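> Starting from the structure of chain A, add chains B and C where the hints point.
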Amino acid sequence: MADFLINTLGLPAWLAWSITAMVAAVLILNVIAGGALAFIWAERKIAGRIQDRLGPTRTGGKFGWLQSLADGIKLLAKEDLMPDGADGMLFRIAPYVSFCASFCAFIAFPFAFDFIGQRLNVGVFFVIAVLGLEVFGVILAGYASASKWSLFGAMREAAQVVSYEVPLGMCVVVPVMLAGSMDLVTIAEKQGGWFTSWFLFHDPFTFVVFWIYVTCAIASVNRAPFDLAEAESELVAGFHTEYSGLRWSYFFMAEYGSMFLVSALAAILFMGGWNGPVPVASILGLSEGTSDTANYFVRLLGMVNLLGKATLGVLAMMWIRWTLPRLRIDQVMATCLKYCTPLAAAMFLGAMLWQIALPGGLVPGLRRPAAEIREGWLPGPGGAARSVGEDAGAVVKVGA
Amino acid sequence: MMPYVATAFFAAPLPLAFINWHSFFFFLFAAVACGFAVAVVAADNVVRMAFYLVLSLGATAGLFFLAGAEFVGAMQLMIYVGGTLVLLVFGVMLTAQAPFVSIKGNGRDRVVAGVVGIVLLAVLLQAALSVTSWRQPAAGIVAEPAATPIGMALVGVRVDEPGVGAPARNVRPGYVLPFEIVSIHLLVVLVGAAYLARAKRRKTPRAIEVAASVEPPASVAEHAAIGRDRSRGASVLSGGR
Amino acid sequence: MLLGLSFAVPLFGLLTEPVSVAHYLVVGAILFVSGIVCMAIKRNALGVLMGIELVLNGANVNFVAFASPYLQGTGSRSLGLDGQVIAVFVILLAAAEAAVALAITLNFYNNHATVDVDRADDLKG
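Respectively, the protein sequence lines represent chains A, B and C. Under our numbering, read the first sequence as residues 1 to 400, first letter to last. Under our numbering, read the second sequence as residues 1 to 241, first letter to last. Under our numbering, read the third sequence as residues 1 to 125, first letter to last.
Quick caveat, the hints were computed from the structure, so don't treat them as lab data. Nothing false has been slipped in among the hints.
Just a few of them, taken from the derived set where beta-carbon distance is under 7 Å, the chain A residues facing chain B:
#1 L120
#2 V122
#3 V162
#4 M182
Since the structure is predicted, the reported quantities are computational estimates derived from the model, not experimental observations. Each residue gets a CB set at the ideal place from its N, CA and C atoms; glycine is no exception.
Only chain A is shown next, with the shape it has when bound in the complex (with noise of 0.2 Å):
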């Protein structure tokens, strides 16, 4: 876009890449917000639904569809509290750190093949570590509070974060090992073509791997059944219990903003981003590079594609949520150090294993193997790199 806006625009390049980047961030503040208000609608809904009632009906028509809307403006117009022995500058900033650290994680989170805020070549070690600096919001937010509902959940919030991030990085280290490189976009892009080919049937480890990564990931963005932290029934509200208003929803967005990043995650990672469970854009014919509509229109199919299942992984967390009871803090403890943990390095070894025994996959000739396509790091004669060889355990040479 910026070079659109250079070249026939005749804008400054110093301007043209403001622009561009301005525009980015809208773009991207609006995936948050409006999905936010989304999600709670459906959230609502959903969970009437499972508890056999119906839900929002009356805002907006039969559905209740603008709900949410209704509900941002009441917390507009609510009283802007602030407890009496709160430490003011870290009460009043804390929602923004939360909100911060979510909104940060979606600039190296592609939409598309070339929908992306920067490409960053550890995208994915970017995105978890972004990811897990929301905990500061919520130990200052509980910190700040003075009020010892808020600091309990703030402190086991915090536990329960750090704690899973360990898990969490190992199950997101396997596809990583698939793919060859800690790109997003090339993890993607190793996913082309049918559904045969996306990580999530590579075998039967990373299978594993996928549903230990809900489960961390769930944890991770303290969603029941890990939600001690936002305990309605034990700590009042957790960290936001002297928050209201304005200050209470950037919390929220900041949760449903992990939420979202985090099913977006789990569809680049394991199912396959953009790349459909059919591929369409070479069914229609429309292949990269032939003119730049075409380019365009395969992204934005790809970026419908990708929302969609987003969208479907939140949805099932919402499922989840209203379904299973609340964990208590020492479960959860144990179930992230007695079995996510050693679940997931085992099945890490099983994955490695599977990769070096049969490198072409279980069934020959079904699914590009990724060791074929792994992209080459050492330069061969002449300097150009090469592949590392068809067979992945195969001896590095290096140089001539």
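Just chains B and C, lined up with the frame of chain A:
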């Protein structure tokens, strides 16, 4: 954007360097990092110090990204800010009872430390500004992404500078040995920290010891007397300080 | 004071030059000195620990600056991968040392009910 950033050095002869986006972001991150580092020194409330440190180290990660070290930047965010500092904040929360949130140092220490700091800063700045080759940046460079070469180097294969000639061999050794040493080191630290921080059996509950050690106001003298009597034989704190 | 003033001119000169290693070294120096002063001044043990983190970060900024291919001219070679790997190891070791220091601090707090380092004088002759 990185290739653009590199070529931007050639973009236009601008009177002020900060209109260039690379410089703008560098100065933004540098100001945040240095400003909040100084704020850590100046703050009295330990919770605010921890928060300023988080912001300072986050800005440092931004500086790493600008210098092209993406892997180190992401690692700083994940391990340093998201791990070490969370640990530090936990420690702050566990010990931030009201008397300890702001402990002021004495004046003489501050003056001596300030003088030493200024002298050290002068020496370092002198060294930083004196080498001319350090003040001329490169232009038009597109750096290779560094994540895979770092990983390969840690396993022993240096792909950034492979050997020349036939038969080719690695001229620069990899980092296998430091990698293994650090792995064992982390294991030792894990075991050691877990041992140091284990829950110990106490003869008298700590609350009574604390009550015995703190000077009570006159209105609660009876309760404190009971506490002191109970713990006199067992607590170090009830003796002279 | 005179020492400080003698650096004002080259420092402000840095504001107009394109970003190079010297800029990063200045940032690293400020972080390092803040850390040293923090370690010296603070009476709270956790404050001292924060000073240590600042010192290590100052050193890391220097390493990354020397390792960057963008910042040094074609005349001199950058450290390249070595600088980045050193920075990685520094981060790892800083995390390990912060964990142990925190364990020691919490132990001290459990025994003495304070984190004031001036109270750690049980062995004083």
